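Let's have the full structure, built from the sequences with the hints guiding it.
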Amino acid sequence: MKDKEHNPKQLKLIDANGIRLDGRRYDELRPIKIEAGVLKKADGSAYIEWGNNRVLAAVYGPREAHPRHLQDPAKALVQCRYNMAPFSVTERKRPGPDRRSVEISKVISEAFASVVFAEQFPRTSVDIFIEVLQADAGTRCAGLTAASVALADAGIPMRDLVASCASGKIGGVVCLDLNKDEDNFGEADCPMAIVPRTGDVVLLQMDGHLTEEEFHSALDLSIKATKGIYQLQRQALLRRYATAAQEGEEPPRADIREPPSEVNDL
Amino acid sequence: MTEVISELMREHIQRLAASGTRTDGRAFDEPRKLVVEKNYIKTAEGSARVRLGNTDVLVGIKIDTGEPYPDTPNSGVLSTSAELIPMASPSFESGPPRPEAIELARVVDRGIRETKAVNMENMCIVPNEKVWVMFIDIHVLDYDGNLFDASSYGAVAALSCAKVPASKIGKEDYPLPLENWPVSVTSARIGDTIVVDPNLDEERIADARLTVTTDEKGDLRAMQKGLKGSFRLDEIRRIIETSQRVGRSIRETIRT
Numbered sequence: 001m002k003d004k005e006h007n008p009k010q011l012k013l014i015d016a017n018g019i020r021l022d023g024r025r026y027d028e029l030r031p032i033k034i035e036a037g038v039l040k041k042a043d044g045s046a047y048i049e050w051g052n053n054r055v056l057a058a059v060y061g062p063r064e065a066h067p068r069h070l071q072d073p074a075k076a077l078v079q080c081r082y083n084m085a086p087f088s089v090t091e092r093k094r095p096g097p098d099r100r101s102v103e104i105s106k107v108i109s110e111a112f113a114s115v116v117f118a119e120q121f122p123r124t125s126v127d128i129f130i131e132v133l134q135a136d137a138g139t140r141c142a143g144l145t146a147a148s149v150a151l152a153d154a155g156i157p158m159r160d161l162v163a164s165c166a167s168g169k170i171g172g173v174v175c176l177d178l179n180k181d182e183d184n185f186g187e188a189d190c191p192m193a194i195v196p197r198t199g200d201v202v203l204l205q206m207d208g209h210l211t212e213e214e215f216h217s218a219l220d221l222s223i224k225a226t227k228g229i230y231q232l233q234r235q236a237l238l239r240r241y242a243t244a245a246q247e248g249e250e251p252p253r254a255d256i257r258e259p260p261s262e263v264n265d266l
Numbered sequence: 001m002t003e004v005i006s007e008l009m010r011e012h013i014q015r016l017a018a019s020g021t022r023t024d025g026r027a028f029d030e031p032r033k034l035v036v037e038k039n040y041i042k043t044a045e046g047s048a049r050v051r052l053g054n055t056d057v058l059v060g061i062k063i064d065t066g067e068p069y070p071d072t073p074n075s076g077v078l079s080t081s082a083e084l085i086p087m088a089s090p091s092f093e094s095g096p097p098r099p100e101a102i103e104l105a106r107v108v109d110r111g112i113r114e115t116k117a118v119n120m121e122n123m124c125i126v127p128n129e130k131v132w133v134m135f136i137d138i139h140v141l142d143y144d145g146n147l148f149d150a151s152s153y154g155a156v157a158a159l160s161c162a163k164v165p166a167s168k169i170g171k172e173d174y175p176l177p178l179e180n181w182p183v184s185v186t187s188a189r190i191g192d193t194i195v196v197d198p199n200l201d202e203e204r205i206a207d208a209r210l211t212v213t214t215d216e217k218g219d220l221r222a223m224q225k226g227l228k229g230s231f232r233l234d235e236i237r238r239i240i241e242t243s244q245r246v247g248r249s250i251r252e253t254i255r256t
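So the protein sequences, as listed, match chains A and B. Each residue of the first sequence is one higher than the one before, counting from 1 in our numbering. Each residue of the second sequence is one higher than the one before, counting from 1 in our numbering.
Some hints could be false.
Stated by the list, open to error - Here are the in silico distance ranges between beta carbons for each label pair:
1) Gly96/A with Asn54/B: 48 to 56 angstroms
2) Gly96/A with Leu8/B: 26 to 34 angstroms
3) Asp234/B with Thr211/A: 16 to 24 angstroms
4) Ile125/B with Phe117/A: 23 to 31 angstroms
5) Lys168/B with Thr90/A: 33 to 41 angstroms
6) Ala85/A with Pro177/B: 35 to 43 angstroms
7) Leu133/A with Lys130/B: 36 to 44 angstroms
8) Gln14/B with Gln120/A: 19 to 27 angstroms
9) Tyr69/B with His216/A: 30 to 38 angstroms
Quick caveat, the hints were computed from the structure, so don't treat them as lab data. Bear in mind the structure is a predicted one, so any value in this text is a computation, not a measurement. Glycine included, each C-beta is placed from N, C-alpha and C at the ideal position.
Spelled out as structure tokens, the structure:
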């Protein structure tokens, strides 16, 4: 069939029992761990492990917008820079922004623009930095999910957190949260981000081949998953601020090399 | 640069929307008139000038031999760029491509690539060594909104009349076989109204934008949400249906 040209290694991405290469079923997420407040200098920060993805997010601001001609007298700019470390992928990535990361930065900035109460901070900029340290597909969703926690950690007023997840199609089956092999050799990928409280979709992209029905079931899978991700985001914030409150002081800085031990299988 | 749009225009557009029409008299699901002029540039291997209303885009295809990417030794190479030249709008400036131009090129590229408009494996000359490299260059001449669709139609039209310059390798030139006809349809949400193919006035005040690329069967091949607002799920569903329907008639225009 057509899929063969996608799948030169003849990998069987999903077996007859509906089990994927990494043992997941079609509607299972990879394990996700989120930790808030992992950096000292940033106004807010978060670290996320999502399967084999490891992503840091930091937020600075609201602060004076640079360059100044970009300042908006009515509201804050929400600017995101998504960046991949050169060692985050198998083949070294040349440092600095490429076309892919410019596009991802743009769509993530736009995803947060309607969520942040930007009118409260005219002429300023809220700068979001996402650094992908280790990539295994789904880094924009992981980055956006972490950035959302970092924004809350920075005390930026928001309508809600934003939760993000992708679904796609592998071996003819619509599946949640594709990993690298599944993304490379699968038939479609569709990342999305949602404001859980209102159900508004703030990021939506798709590439590959899906029928209309398949697209809607992919979107349904992602939306269901974001409900669980939203809880993990809230728990990460609660953990950080519950500890802070107990000690009556600045919360302890967590070591990003040893994230919390619990694994959240959803 | 965000252009200053008078509040009067915003009110005007929203008042018209409430009574079911638009500044240029179109229905909400009615795209502007599409005029496609193929083979516009003789020095290009393929080209098309597309007018979508007053938006005017010229797309040229250059094809030459080159090396394949190491991970796809048996495939040709496709590369898409877009230039928003200062001539096309007071809001465009010269200089390196901004995020808007990069997003535009990548969305057009994705539509063509994911629909497999060109079978890239037929573009291999010597595996691992020599393949056909295709450059799609989008040149915006006059900007009156919805560059995504105008550029995408231009790229597909230019591909459909492109010639592979096989005389360069001692063979006969032959027409580039086009195996699929992707059509993107962009919708914008202005308040509670969703309009297809937004003109510049509409685009400037739009809350959110969604581009949906479908193939001949109406299946989805690429999507891109843009701008700072959001969509509800029922709006996404409606936009997909409109994109399939509107896409069918646009595909016929590009084909002929």
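Hints and how they fare:
1. Hint check: Gly96/A to Asn54/B, Cβ distance near 37 angstroms, so the stated range 48 to 56 angstroms is violated.
2. Remark: the range hint 26 to 34 angstroms for Gly96/A to Leu8/B is contradicted by a beta-carbon distance near 43 angstroms.
3. Between Asp234/B and Thr211/A, the C-beta spacing of about 19 angstroms keeps the proposed range 16 to 24 angstroms intact.
4. At about 57 angstroms, the CB distance of Ile125/B to Phe117/A disagrees with the hint of 23 to 31 angstroms.
5. A hinted range of 33 to 41 angstroms for the beta carbons of Lys168/B and Thr90/A is consistent with their spacing of about 34 angstroms.
6. Separated by about 41 angstroms at the C-beta atoms, Ala85/A and Pro177/B satisfy the suggested range of 35 to 43 angstroms.
7. About 38 angstroms separates the C-beta atoms of Leu133/A and Lys130/B, a value consistent with the hinted range of 36 to 44 angstroms.
8. For Gln14/B and Gln120/A, the Cβ-Cβ distance of about 25 angstroms falls inside the hinted range of 19 to 27 angstroms, so the restraint holds.
9. Take Tyr69/B and His216/A: their Cβ atoms lie about 34 angstroms apart, and the range 30 to 38 angstroms holds.
Going through the hint list in order, the structure does not satisfy hints 1, 2, 4.
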